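> For reference, the chains in residue letters:
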Amino acid sequence: MAMDYSEKVMEHFAHPHNVGVIEDADGVGEVGNAKCGDIMKMYLKIKDGIIEDVKFQTFGCASAIATSSMATDLIKGKPVEDALKLTNQAVVEALDGLPAVKVHCSVLAEQAIKAALADYYKRQGIENDISKCADCENGCCGHDHGAEEA
Amino acid sequence: MFVYADNAATTALSETALAAMTAALRDTYGNPSSLHRKGQEASDALRHARETMAHYLGAQPSEIYFTGCGTEADNWAIRYGAKAGAAKGKRHLISTPIEHHAVLHTLQALEKEGFEVTYLPVYDNGVVRLEDLEKAIRPDTALVTVMYANNEIGSIQPIPEIGALCHEKGVLFHTDAVQAAGHLPIDVQAQHIDMLSLSGHKFHGPKGVGLLYCRKGIPIKPFIEGGAQERGKRAGTEALPSIIGMAAAFRESCEHMEENRRKVSALRDKLIAGLSRIPYSRLTGDPVNRLPGMVSFCFEGIEGESLLLRLDMAGICASSGSACTSGSLDPSHVLLAIGLPHEIAHGSLRLSLCEYNTEEQVDYILEQVPQVVRTLREMSPVWAHMMENRENPYKD
Ligand SMILES: Cc1ncc(COP(=O)(O)O)c(C=O)c1O
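Those protein sequence lines, which keep their order, are chains A and B.
Read left to right, the first sequence gives residues 1 to 150 (our numbering).
Read left to right, the second sequence gives residues 151 to 546 (our numbering).
Hint data in this document are derived by calculation from the structure and do not stem from the laboratory.
This structure is a prediction, so every number in the text was calculated from the model and none was measured.
Where hints are given, some of them may not hold.
[Claimed, not checked] Some chain B residues well away from chain A (every beta-carbon gap over 12 Å; in silico):
| hint | residue |
| --- | --- |
| 1 | S184 |
| 2 | E450 |
| 3 | G497 |
| 4 | L526 |
| 5 | P531 |
[As the list claims (entries may be wrong)] Here are a few chain A residues that sit away from chain B, every Cβ distance over 10 Å (derived from the structure):
| hint | residue |
| --- | --- |
| 6 | S6 |
| 7 | M10 |
| 8 | P16 |
| 9 | K78 |
| 10 | K85 |
| 11 | R123 |
[Claimed, not checked] Residues on chain B that point at chain A, a partial pick, calculated with CB under 7 Å:
| hint | residue |
| --- | --- |
| 12 | F373 |
| 13 | G376 |
| 14 | E380 |
| 15 | E455 |
| 16 | H492 |
| 17 | M529 |
| 18 | S530 |
From the three backbone atoms N, C-alpha and C, an ideal C-beta is built for every residue, glycine too.
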């Protein structure tokens, strides 16, 4: 198993960044399902449209932990608009690739960030049309989203 | 420290087997079918290996057929049993839901070909009950196939009783003894076994060699067609060095079985006792009737692949039945069959010991596993949810 993971993935799995909880978060999103073996929860602290802090909790395999770590790194300190544009592909690339069967973990990371941002907008009373993946929110996320399929 | 604790997956080759194989690879290169002296030398070595295997199984040498692996022996026995039954209008098979894929996938293929399979319940300890088997046996039952001991949770089945019941009812009985061979006493006569599969690499023999024992008088048909090897039942030039290595390892394991069992089960019990102290952990499989080296647990709130890879980073080789490690979306069929919910089955860990493991290694595992479990729990939202209305054991 370990052989299929890039060094970057193993590095982020062994020493994940941004693990934890933000008690007074401005937005919280949770996706996945324990039945399927992956759950990600993201906490955002946002000030003046900038993601000042981000933390995550993840239940899942090494790639779920590594993608959470990398995705949070990629949006920390960035404007909300940039975070909204983060794709699972960008996370995969930043990790020097993921085994095909693990790509769904990166989708989950993207969806977790979007869910946290949607929650932030909702709390702000701002209309938003952040696309949600019903499967990622409720059911099993063992799929790649059509558009991102390589 | 380095600890190899994945002996149910495969074992290290024993020095004895290695020496026997090295000599065979170098010197015993003749084809046992050849009439000249090199051929006869090889033929003698083959006969000798067959006698060894038969001796420690309580079988006759003429009842032993060497195969390419345990999987082949399973496929062969089950396909034959089904076909022989079908010839008499019997198209019903009985097995369990916790068999190895070598058996399960063969049964599933037969179901597609029109056979009906009854999977006996295995309850939460992973053991079948005789009364369920008795009820399941029908006039059209062709074959009962029940594994001797399970490769994920270590539960041992009541093989002699199952065999006796099958014989009373006149039903053919096969057992996949891949995990049991070399570790538990096998006597095909006393245990009423008609067909038995084993594999060389689970008792410190080489990989890629196994055997099928088939009781005299059962007119088994070839599974692989070709030359006249194995009395015309299994074609292909014999993998003599591997067969010799398997026989050397089997003799060694069987000669030291009781002493190994005592040593390994003491290590196992120490490990089980220590891991049981981890909060929200549970032993899987039968607590008493289990393979001497098998330690199998589920830890709530974490996922098995992360656990496995973190342990690997600490030098410990283990295994898990989580979905992520199986490459599918579902955790192990064995853990689901013993009634564990998906979310708990995902947190499974299997540590399988052998006589090469030491007490220091067990102590090291006991130092590492609780730490890794705790680290993963502390980043797990599932664990956080669990702890919302409970006392968190990790709160200092
Ligand atoms: C119970 C059981 N049956 C069958 C097999 C297959 O044996 P082999 O690897 O020799 O094909 C294994 C091990 O992989 C096993 O544990």
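> Hint compliance check: list the failing hint numbers for this structure, sorted ascending.
2, 3, 4, 5, 7, 8, 12, 13, 14
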